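S.K.: Residue-level listing of the chains:
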Amino acid sequence: MCRYRKATGLNWYRNEGVLGMTVGNAGNRVSGLSRRALLKGTAAGAGTAIGFEAVTGFPTIWAQNVKDVTLIHIGGSYACIKEIGDQAGKDLGFKVEMQVVDPATQLSRALTQPKSFDINNIDNSSIVYMVGKGVLKAIPVKDYKLWDKTVPIFTTGKFPDGRPIPTQGLSPIKTGFWTGPDAKKLSDKPTDFLTMVPSLFNADTLGIRPDLVGGRDKVTSWGDLISPKYKGKAALVDYAPVGIIDVAMALEATDQIKYVDKGNMTKAEIDKTIKLVQDLKKSGHFRAFWSNFDQSVNLMASSEVVIQSMWSPAVTAVRSRGIDCYFAPLKEGYRGWSNGIAPMAHLDGLKLDCAMEYLNWFNSGWQGGFIAKQGYYTPVPETARKFMTPEEWDYWYEGKPAAVDIKDPYGNLMEKKGAVRDGGSLWEREGHVTVWNTVMDEDRYLTRRWNDFISA
Amino acid sequence: MRIKPALASWLQIGPLATVLTLFFGVPVVVVIVVSFFDFDHTDIVPTFILDNYQEIFSSETTGRLYLSSLKFAVIVWAITLVIGFTLANYLVFHVRSLLIKIGLFLLCSVPFWTSTIIRMISWIPFLGRNGLFNTMLMNAGLISQPLDFLLFSDFAVIVAYVHLFTLFMMVPIFNSMARIDTRLIEAAKDAGASRWTILREIVLPLCKSGIALGSIFVVTQVMGDFFVVKVMSGGQSASVVSALQNEIAALQYPPAAASAVVLVIVVVMMVAGILRVVDIRKELAS
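Protein sequences, first through last, are from chains V and C.
The numbering used here applies: residue 1 is where the first sequence begins, and numbers increase by one.
The numbering used here applies: residue 1 is where the second sequence begins, and numbers increase by one.
Note that these hints are calculated values from the structure, not bench results.
For clarity, every value in this text was computed on a predicted model and none was experimentally measured.
Some clues are possibly wrong.
With a Cα cut of at most 25 Å, we get these calculated SDA-like pairs of lysine to any residue [said to hold, decoys possible]: (1) V:Lys-267 / C:Val-45; (2) V:Lys-282 / C:Asn-130; (3) V:Lys-275 / C:Thr-62.
With the rest of the complex left out, here is chain C (with noise of 0.2 Å):
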């Protein structure tokens, strides 16, 4: 028996159709419907209303939450870069044995092993004010006072994103990086270009989709995150999503729902325009 080719098209892309409008596209349409209605202390109404859209972008403090995630999320972004792709670059270019590679990049997944609550949360008992770093500062007599900036402020939360979410800016620049042919650096050396050179004409953006890949798994898990915010800072600072979070604890939905969306729409916008800087897909295909 032959399928008609439009027929096998459909039942080639059915089960991943099916799977993404069920899971993933019908609860999306639900949060905006929601997100239109009112509410009181435990219910929702539905009516079609504007006020929870209106109360967020009348509200100050969304403007605050929305820098200070996005402060979070371009700090991280530089500092994750710059670590991801020194890692990768050492691991690909300078270790010469596969072995010592495989093995190196393995100890790099070793933190994984655990959860990421108990990697975020050890570094409470190492940066607190009689913690291991400040004991260690006080006794080599560097410091008279316990630093208080360690702990329960940005900086923390800068420390634990960065260990969090470093490998998922390294896996993909690794990937990329080697893929790159090694006779094209060897020509280039041969050329008389310095290190330098090579890392900056040809390394760098033969390694774009992977950098790309990278920044949009970092930019989007601190985005989205609540829980490194609340316990890092010590709940002094707050995220998009705590915000909503405690929306969503008091039972208030439909804000809870309008400030989603408004999320998902300033996280769509910061990835598209990293697909525009990098054509991910063109890269891909090459």
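Just chain V, same shape as in the assembly (with noise of 0.2 Å):
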């Protein structure tokens, strides 16, 4: 029991029968190993030969074999979505089950429940969670075919142009990489071990209401968020490891505080900033903290609040509605994320080879034009691109104004022609950034002086 007890986290009271499962792996791993040499064997043969160019090119050869597994994938909804697993289903032969959670109930089943399921979709800062506690599969990078097309800020740490990404907050390198195939510990610089395949990413902002600030050109810093001039229609998304990012910029672009890590806070910075806002909402600047995406499509669409927190598919989602409503990309910079996905440590056998077919295909292109309509980026471009028509990529990849009308990915018209993607280009946007979403060392002193502030 106590050997297990490190191992599994919060695992250990459980009334699962650790002698139970372990005997059951046994069992997989005799059997996964005969299964798995013979596939080593046709994939040789047959890997050279298909490629990624065409989705139909998999390996079809033991679809024999594969047409009973099925791979659980669990994430959040706008990632973990039931038409790409139902499209992985149909180009590989296995099925793909899609289960959509809320951010804390993925954690914690990831932790406690790590075999319940196969894929875990997850933020790149959620994995300093599950550093040292083996729910996770190290990716060697030679499974991998798409590492060398994939955009530098995953594999380098560079922007295109050469730049380094910045390093406040966990930025995609600092959470790529494991030190080795154990998959025990965080390295900071790339090796050959993934801790995931980065599946999408995007640059964050505000969002605001130009009809009712005056105008597009009105909102052009952070500071804004804690301007007087919005007091009272203002909002910020309650979940600490976000909202003090968003609040840290405009306190930082104010000069109000200068940090020396946005995303790793000390505890004197987090106690500082904590004061300061809490001040900000003592005197009525918020009108609301919205805890999921509905609630921050709503605040905005019925003009409760004219400059807040905000996610990009949230904008559209407005102004689908016939509002108007702007990313606006500010001059001290965006807040990128990345989102990934990582295969169980309890897989093995033909499962595990489906896993790694699955993590192949994930970002050979369906998935990326898929996720493109939704206005996330893949981070492998070239392939999605071959699933966008030349005007959709210009519109989300290029900023170049729509030359058609803009549908989501349901068909539904999202920008009319001669739209303008909010912010322009891939690079105008990603290159911008200048934080990185992330989970600071000071976490639970985080959390608990979030709690203050918002019930202050």
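Using the hints, put the two chains back together into the complex; each one sits in its own frame.
M.R.: Here is the structure:
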């Protein structure tokens, strides 16, 4: 029992028979080995010829074996989308079941019931919660065929123009690599073992109502979030790790605090930040603190709020109601984030092979084309391009005016002809990221102080 | 075959005792045990520490949270009591036809045919800055600026609570009122008692058990809520449970467990207080 206490984290008091699990695993491993050996043989023969040009080119030789395999993929609603799982099933021959969960449930399932699913679709910053828990499997770079084509912020930690990506917060590099195949420790520079296959990324900023603030050019700085002009008409996301960064951007922009690293504050910095926003809150500056997507959309659409923390698809959702909403590019830059899919440690044998096929399929284009139409970028844009019309590509990635009406993945009208994406092209937006989503060392303290702030 | 009386008693209480022990007793014990544990980013560390409780009692936030939750509990209790009592009184004593009585009673329960969330959320477009109510007042020329305090405020929270919980107060009061022998009231009338005297001297005392039960329902629900506070205050106010829920979301189970233990103790004390004022057991037996 004791030996497992460390390994399974919160799991130790659960009622699962440790003995039973071990025996079950061993059984799988034995039968899995022979199958894997067989697969290796066929894959080696077919691999080079197949490549990843055509989606239908995935190995079908072992379709006999895989049709009974089901991979369970869990993640947030914005990334874990049924259509993607269905398409993967069509292309790969096994089943992919998408389960949408909220972040807290996902994290606790990953740590307490890591065997209850196979693919963990998480924000890169959540990786730090999994370090040393033995719940994730390292992905050897050599098994992930699209690494060379991945944008350099994930592979080398540089923007395409050669500038290094910012180091405040948890950059994709800080959370992207294990030191070795044992998936025990994070490496701060690239290695041959990935923590996850990056699957989407974006740059966040503030959402505004141009009609109510007097125009799109009226909000140019994060400082406007706390400007007295918008007293009683501003909102903030009620999620400490993100909310604190949005607030820190505003406080730094107005010269109220100078942080050493906004992405990893000291206790004193947290205290000072909380003190300042608490005063703002008491003065009635904030109209609301939202905790889910719909709330943020409704706050904006109902004119309760004119400036707030927001996500790109929420901005689009407000616009699709015929109400102008703008994801304002700000001079201090964007808060960047990324998301990836990580195979769970319990995978082995045929299922592990299927999981690897799935990871390779994921960025082979279809998924990238799909999520692009929601305003997200895929780490392998050139594959996604084949699944988009040239007009869509120009609009979403190049920041050019829409040559035709732009539709969302489900065919609903999103933007009229002539519209330009807020913030412009991929690198005009992502290239101006100055801080990444984060989990601070003082995470526990931050949660407590954030509670103080919300209840003040 | 004869079963020994002792064995028979055990068999009779056995099923319930088993269910209670497994699904109530054991979880509570686990929560209490975990509340003394340490933790890091993601793990529970099984040692014995008092830090979780120390943090609760040394933080001024705790006092503020309890004060805020208690404030809501008292206000909502008072309003639901007045509304619930008045409604029940009307239904029991003033509606003659049984059919209409049942019909009106069902009418009271109509809102419960939809989910709690829908009932609560529907207040948002009504109370909002550009909501129905503000628009109405502005069109009527009563106000020139929309009233901001209507939504995302304590006011909104109380409106939603009252809407959600009044029935829980009304039904037990209705129940105990319906059992009042109408001859008692007739006798009082004959003796010259006014309506008000009857209400105070006969109806109110005989409804004590109903009021107590209703109060327990309302007070415990308000104390245990986090969702209504969060949504209706627009995240501006917090409750004891919303703070606890934030801790769970951050995987900080031991402090959350400690908060839960403290909350349970407080609520049990409140319920005990109510039961001290009204001996429900005696009232129900009579």
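S.K.: If a hint holds in the structure, say so; if it doesn't, say that too.
M.R.: How the hints compare with the structure:
{"no.": "1", "hint": "V:Lys-267 / C:Val-45", "in the structure": "holds, 23 Å"}
{"no.": "2", "hint": "V:Lys-282 / C:Asn-130", "in the structure": "holds, 24 Å"}
{"no.": "3", "hint": "V:Lys-275 / C:Thr-62", "in the structure": "holds, 17 Å"}
Comparing the model with each earlier hint shows no violations; every hint is respected.
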